[in-house]
Amino acid sequence: MTKTKESWGSRIGLILAMAGNAVGLGNFLRFPVQAVQNGGGAFIIPYLVCFLLMGIPLLFIEWSSGRYGGRFGNHSTPYILDTMTKGRILKYIGVFGIFTNIAVAAYYAYIESWTMSYVLHSVKGTFVGMDQSDVANFFLSYTDVLHSTTGIPYEAVIFYIICLSINVYVLSKGLGGVEKVAKIGMPLLILFGVVLAVRGLTLGTSGASETFPDANAWDGLNFLWTPQYESIMDLKVWMAAAGQIFFTLSVGMGTVHCYAAYVKSKDDIALNSVSAGFMNEFIEVVIGSSIVIPIAAGYLGMEWVMENAGFGMAFQTMPYLFQQWGPLFAAIAGVMWFGLLFFSGITSSLAMGTPCVSFMQDEFGWNRKKGAWAFGLVTLIMGLPTVFFFREGVFDEYDYWAGTVSLVVFAMMETILFSWVFGLKKGWREINMGADIKIPGIYKYIIKFVTPVILIVVFLGTVFAPKGNDWSGNIRSLFSGNGWPLDNLSIINKITNSGLRQQIANATDPVEIQRLQENLSAVNMARGFLLVLLIFILVLIYVSYKKRVREGRVTTT
Amino acid sequence: MNTTALITMILAQGVVTAAAAYFFYRVLVTPPKQEPDSYTENDDTTPRQE
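So the sequences go chain by chain: A and B.
The first sequence begins at 1 in this note's numbering and counts up by one.
The second sequence begins at 1001 in this note's numbering and counts up by one.
No wet-lab data here; the hints were simulated from the structure.
Predicted model only: the values in this text are computed from it and were never measured.
Just so you know, not all the hints are guaranteed correct.
Stated by the list, open to error - Covered, in the sense of this in silico footprint (three residues per stretch, anywhere, with C-beta under 8 Å from a C-beta of chain B), are these stretches of chain A:
(1) 6–12
(2) 93–103
(3) 214–223
Glycine included, each C-beta is placed from N, C-alpha and C at the ideal position.
In isolation and in its complexed conformation, chain A is listed as follows (with noise of 0.2 Å):
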């Protein structure tokens, strides 16, 4: 059995980690494009639904999951599986709970850093006097390795492991650790969000001036929520709204498992699951679609907004726009925008760490501090790539198949593990147990027959996703007999580089063909260490098995 000992301090604290844990910079900056893109205020319908329909339900699987493993003594997913299920092979399956947790704070971190980098920006007055291209290309010469916008050589570089060795630290010190920054995290993430998303909403027409006269916040806040009813009929909609819905949560990646391993069976996971995510989704969209795209479109306009909209606004937009409030302003925005940024990474980043640092705790007798360091040091591993290669497309391979596949196959597998092999009546039971609200019986039906068609959808959705995210017409062609045009994002043409190639074929200037293949080759590299990370975890999983067996702790349900 384990020799952890280490539990929450408090309940309050428990949710707060487990809101930071899902609160992302992805609630301030991809929720808000995605409803701006997908119908306004009608995207809301399908957001909630599927909040309802998937998102709850996979906080209850997961929640459960991991205070049921914790029982046991496990506290990471190869071995939370493994207690649920009998077949031996089913823990290989909880790879996913380690490999997506480093891959993806590998290229996490370096947005961390990023964020205390503009922190520091902000208060230098670094963006004074900057147009918005200057304010952009700022960001273009940081994330130029060998350029340095501070004097500092290899800044970006510093600045990655400065901000790796923070989450190191913090993860040092346990879960006391996690809980301390949450607590005082959060509140600071919200009261930041609460102070812009009021200058969001009230600027109105203040910010236009003589080089975009028609800009106008409201215009901003009237594309967000009008509601375009005839979207809600496209498919299309429906798929970013539950793709949403499953980033937002930071389910499928062996976070929520481990922290509810270190609650105990008579504790209530019901009512904290549900507080924690609606907690999110106060934080995603209340606050998040009120900074953003009301700031920008108060000052660019909404035409700028339709073109422009995306994540890079956060680095290369908005520090030019909080400069039409004056220096001082312009500071005091800044360092809450950036440090609201910086606390939505860090929370999330720590709970990727946790699995990770527990599962040497568990399998190897390991302590908090060299499980933590070792975290790092693959961490490093992995993500100095992405800063050095990273305008070669080395971040985005990470961020596609960590960050987006890996987790829609892990959820849609735990999900039929839970809902069928593990079985409802047990789970239900387990959700169940200690709960200080009650969840409808309507529930027990959605978890065992909808949620997991919906992230089969999901999943054969980025398996084939079509060309231009056009669903309907894709499928008005393929009944037409035209086949299925697949979109350079499906996974099919992802694994050929089909993107890439074309771009290759289609390239004229021997210059930008030269590019093209050094970005190729630099895609296959990121590949082959995410191959070598999966490998490695995997073998560290089988040997932690061969170790139980030789000390009599192989589990038995």
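Please arrange chain B on chain A, whose structure you already have, making use of the hints.
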């Protein structure tokens, strides 16, 4: 801001805020389980659930 957008925004954000506040309130007012429970900071807390 047009009326439809305003109503949609208030409804959506209102529902989510109310649900988040309600469940968090339930967490705050629910007494802890009998010791030993999962949390170390509430060892002296009373009352507790039966």
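Tell me, which hint numbers fail for this structure? 2
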